[in-house]
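Chemist: Below, each chain spelled out in residue letters.
Number of protein chains: 4
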Amino acid sequence: MTTSRLEAFSDGVLAIVITVMVLELKPPSPEDATWHSLIHTSGVGLLTYVLSFVYIGIYWSNHHHLFQLVDDVDGTVLWANLHLLFWLSIVPFTNGWLDESNVDEVPTVVYGLNLLAAAIAYYLLQLAIFRTPSGDRARAALGSDLKGKLSPVLYVVGILLALVNPYAGLVPAVIVALTWLVPDRRVERFLAAERG
Amino acid sequence: MTTSRLEAFSDGVLAIVITVMVLELKPPSPEDATWHSLIHTSGVGLLTYVLSFVYIGIYWSNHHHLFQLVDDVDGTVLWANLHLLFWLSIVPFTNGWLDESNVDEVPTVVYGLNLLAAAIAYYLLQLAIFRTPSGDRARAALGSDLKGKLSPVLYVVGILLALVNPYAGLVPAVIVALTWLVPDRRVERFLAAERG
Amino acid sequence: MTTSRLEAFSDGVLAIVITVMVLELKPPSPEDATWHSLIHTSGVGLLTYVLSFVYIGIYWSNHHHLFQLVDDVDGTVLWANLHLLFWLSIVPFTNGWLDESNVDEVPTVVYGLNLLAAAIAYYLLQLAIFRTPSGDRARAALGSDLKGKLSPVLYVVGILLALVNPYAGLVPAVIVALTWLVPDRRVERFLAAERG
Amino acid sequence: MTTSRLEAFSDGVLAIVITVMVLELKPPSPEDATWHSLIHTSGVGLLTYVLSFVYIGIYWSNHHHLFQLVDDVDGTVLWANLHLLFWLSIVPFTNGWLDESNVDEVPTVVYGLNLLAAAIAYYLLQLAIFRTPSGDRARAALGSDLKGKLSPVLYVVGILLALVNPYAGLVPAVIVALTWLVPDRRVERFLAAERG
Numbered sequence: 002m003t004t005s006r007l008e009a010f011s012d013g014v015l016a017i018v019i020t021v022m023v024l025e026l027k028p029p030s031p032e033d034a035t036w037h038s039l040i041h042t043s044g045v046g047l048l049t050y051v052l053s054f055v056y057i058g059i060y061w062s063n064h065h066h067l068f069q070l071v072d073d074v075d076g077t078v079l080w081a082n083l084h085l086l087f088w089l090s091i092v093p094f095t096n097g098w099l100d101e102s103n104v105d106e107v108p109t110v111v112y113g114l115n116l117l118a119a120a121i122a123y124y125l126l127q128l129a130i131f132r133t134p135s136g137d138r139a140r141a142a143l144g145s146d147l148k149g150k151l152s153p154v155l156y157v158v159g160i161l162l163a164l165v166n167p168y169a170g171l172v173p174a175v176i177v178a179l180t181w182l183v184p185d186r187r188v189e190r191f192l193a194a195e196r197g
Numbered sequence: 002m003t004t005s006r007l008e009a010f011s012d013g014v015l016a017i018v019i020t021v022m023v024l025e026l027k028p029p030s031p032e033d034a035t036w037h038s039l040i041h042t043s044g045v046g047l048l049t050y051v052l053s054f055v056y057i058g059i060y061w062s063n064h065h066h067l068f069q070l071v072d073d074v075d076g077t078v079l080w081a082n083l084h085l086l087f088w089l090s091i092v093p094f095t096n097g098w099l100d101e102s103n104v105d106e107v108p109t110v111v112y113g114l115n116l117l118a119a120a121i122a123y124y125l126l127q128l129a130i131f132r133t134p135s136g137d138r139a140r141a142a143l144g145s146d147l148k149g150k151l152s153p154v155l156y157v158v159g160i161l162l163a164l165v166n167p168y169a170g171l172v173p174a175v176i177v178a179l180t181w182l183v184p185d186r187r188v189e190r191f192l193a194a195e196r197g
Numbered sequence: 002m003t004t005s006r007l008e009a010f011s012d013g014v015l016a017i018v019i020t021v022m023v024l025e026l027k028p029p030s031p032e033d034a035t036w037h038s039l040i041h042t043s044g045v046g047l048l049t050y051v052l053s054f055v056y057i058g059i060y061w062s063n064h065h066h067l068f069q070l071v072d073d074v075d076g077t078v079l080w081a082n083l084h085l086l087f088w089l090s091i092v093p094f095t096n097g098w099l100d101e102s103n104v105d106e107v108p109t110v111v112y113g114l115n116l117l118a119a120a121i122a123y124y125l126l127q128l129a130i131f132r133t134p135s136g137d138r139a140r141a142a143l144g145s146d147l148k149g150k151l152s153p154v155l156y157v158v159g160i161l162l163a164l165v166n167p168y169a170g171l172v173p174a175v176i177v178a179l180t181w182l183v184p185d186r187r188v189e190r191f192l193a194a195e196r197g
Numbered sequence: 002m003t004t005s006r007l008e009a010f011s012d013g014v015l016a017i018v019i020t021v022m023v024l025e026l027k028p029p030s031p032e033d034a035t036w037h038s039l040i041h042t043s044g045v046g047l048l049t050y051v052l053s054f055v056y057i058g059i060y061w062s063n064h065h066h067l068f069q070l071v072d073d074v075d076g077t078v079l080w081a082n083l084h085l086l087f088w089l090s091i092v093p094f095t096n097g098w099l100d101e102s103n104v105d106e107v108p109t110v111v112y113g114l115n116l117l118a119a120a121i122a123y124y125l126l127q128l129a130i131f132r133t134p135s136g137d138r139a140r141a142a143l144g145s146d147l148k149g150k151l152s153p154v155l156y157v158v159g160i161l162l163a164l165v166n167p168y169a170g171l172v173p174a175v176i177v178a179l180t181w182l183v184p185d186r187r188v189e190r191f192l193a194a195e196r197g
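Residue numbers (my numbering), protein chains in the order written: chain F, 2 to 197; chain D, 2 to 197; chain R, 2 to 197; chain B, 2 to 197.
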């Protein structure tokens, strides 16, 4: 099985996830169309939307890089990929609860668990790819993957912090997002080295 | 007509179906942001979401395999495919009713009928493909298709069980899903044998 | 400009239109999860959903055939295509009103006007394509296009009938859909003749 | 990294944005299914929907032309593209508020700021592309880009006018849309000149 249809389907799911989240954003009531009411009603929602948008963007970008290294997928990779898409597809739900509850304790923990589960699913997807014929190449390109290993640790720290103060619990998630925004050149460099 | 645009359109519909279902999931009310309220309000919804997600994933994966065997599609295949997409596209509706009614009798029967109709539509799509020029190849690759024949029987059993106990009626649907999760290597093996 | 990205974007919009309509379908209230309540609450909605699903399916299929004849698109074709997508994208809105009003007079007229506008937009798209370098080929393949010319007439009849009886006003729309369900072999035959 | 998956993902997001906006359109109440109620309830919504639909269409068309000039994308282009998609993805939110508030002052300013932010994001995306290996080609093809430079100025005029009269504030946005509807032949001409 080639990777093209798996990539197209994943692109579709991620494009929808990133876009439908905005449907959860409730604009202020028409009777009170003021700046104050926009910030009060939708401020937290817009901030958490930015965070989740960036997360889905990061997963899409990493997914894109990862599958540039893969020639063939088997059933295990296919289901490992659907498993990752599952956790990303419920981000609009956990993000919506986080927003509606105005960053209450339990919704923040649930959001953190969602990010943690997605990170684990991505790790399992990598393992499934390493077992395919093109696995050695992928393994060589990704190297020690320090960021990939540190991210789950930071999510756990965030979940624990959320039990003390929910807003503090979101800080590690923001830090992880920022470390991934720095363009990851491993795959690009590996492919360039292979070519030349 | 080549299969690429039919596959792209089907991928799009399935990606949307799998993702919009999460919009039907209602988070607990902001006033009661607790674990208890999450399980009470959204627990059944999350479980049925997992079931429907897995079903759409199975159909996508089987659809993907099936069309690897097909070179050309005619009008009959095109409409047989739209017929299948129709039954899959109303899964968010029947799944939503199942969830909101907390797995009541009639919604469980309706959900079972939906799965049964999708299975019949998939069978009709296979028949339509067998009649195209590349039909013999598809027929040879798919073989006796025991799982495909057993699944509708199990859906009927589930529908009858739902009349006794709705939760029991979902058990056969879960069993069918599990049998399909086991990677189906018929198509892969057939294509490998053809190549080598 | 090649047609591939125009086709991909159109596929995306049509796949979403066909799928989000189901979000407008309201399941019966959880307190009254019976067959009677399903038919009473969602019966009309399910029937109009089938009609609109078939219409979007027909447009997708005809669009697909039409662009097989086109090699290059210019700005006019691009906007004629977006104009068609506009009328198809508001089908969930007019269909939703038709359904919620239980097929009242004005919503039926509005739904008929929507179908009429989409048919005119499709006709304009064909004209725009005829003016491109590959236009002569498209013109030769489509021939006299009797169905394409009769459909708007039937929509107008339906709109007039809706003023007498709304349900009667939907009959011509159903007839048009049935005539288009018959596979249209003009393009297939033309391409086959060209090849051999 | 090639541009194909970036284009596919962008197509997906734009197709969804253009389509889900219609979900924000509320049909008149079933008890009052009249023309008057349609215009009163949904008239403003339909007009702003047309405006936003045209804007997303323009961005899709320009995006399409822009990436015909690009062979390779790096991490900066990828994130500049996601930044643009972010501003376009919240159009359904700002458009929804504009509509529900019946074009009140603050929502009109917010809508104008959204268009302004998208224009700036598009400009930054162009700058990011100019810095890639195929940047010189893109720069040569786009020329002085008068329209691209005038549009933000007109958005600012619109925002200031909205403080006086919200409807007047929408006029510059309509004018910008009309100037972009005129097919932009720069890229087509450049590619034709290159070929021959």
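If you are wondering where the hints come from, they were derived from the structure by calculation, not from laboratory data.
Please note: incorrect hints may appear among the correct ones.
Said to hold, decoys possible - Simulated DEER-style distance windows between Cβ atoms: (1) B:Ser30 <-> F:Glu32: 14 to 24 Å; (2) D:Lys27 <-> F:Tyr168: 21 to 31 Å; (3) R:Arg132 <-> F:Asp73: 20 to 30 Å.
Said to hold, decoys possible - If we take Cβ atoms under 7 Å as the criterion, some of the chain R residues that face chain B in the derived model are: (4) Ile17; (5) Leu79; (6) Ser90; (7) Phe94; (8) Trp98; (9) Pro108; (10) Pro153; (11) Val154; (12) Leu179; (13) Glu195.
Quick reminder that beta carbons are idealized off the backbone N, C-alpha and C, glycines included.
Chemist: Now, for every hint given, state plainly whether the structure supports it.
Modeler: Verification of the supplied hints:
The hinted range of 14 to 24 Å is satisfied by Ser30 (chain B) and Glu32 (chain F), whose Cβ atoms lie roughly 19 Å apart. Look at Lys27 (chain D) against Tyr168 (chain F): about 25 Å separates their beta carbons, and that is inside 21 to 31 Å. In this structure, Arg132 (chain R) and Asp73 (chain F) break the distance hint of 20 to 30 Å, their C-beta atoms being roughly 45 Å apart. The beta carbon of Ile17 (chain R) comes within 4 Å of a beta carbon in chain B, closer than 7 Å, and the hint placing it at the interface holds.
Here the hint on Leu79 (chain R) is kept, as its CB sits about 6 Å from the closest CB of chain B, short of 7 Å. The beta carbon of Ser90 (chain R) comes within 5 Å of a beta carbon in chain B, closer than 7 Å, and the hint placing it at the interface holds. Interface hint at Phe94 (chain R): satisfied, since its Cβ lies 5 Å from the closest Cβ of chain B, which is below the 7 Å cut-off. Nearest Cβ of chain B to the Cβ of Trp98 (chain R): about 4 Å, under the 7 Å cut. The hint holds.
With its C-beta approaching chain B no nearer than about 5 Å, Pro108 (chain R) sits inside the 7 Å limit, and its interface hint holds. Among the interface hints, the one on Pro153 (chain R) is violated; its C-beta lies about 22 Å from the nearest C-beta in chain B, farther than the 7 Å criterion. Because the smallest distance between the Cβ of Val154 (chain R) and any Cβ of chain B comes to about 24 Å, over 7 Å, the interface hint for this residue is violated. Interface restraint check for Leu179 (chain R): the shortest CB-CB distance to chain B comes to about 27 Å, outside 7 Å, so the restraint is violated.
Restraint check, Glu195 (chain R) versus chain B: the minimum CB separation of about 25 Å is more than 7 Å; hint violated.
The structure is inconsistent with the numbered hints 3, 10, 11, 12 and 13, although it conforms to all the rest.
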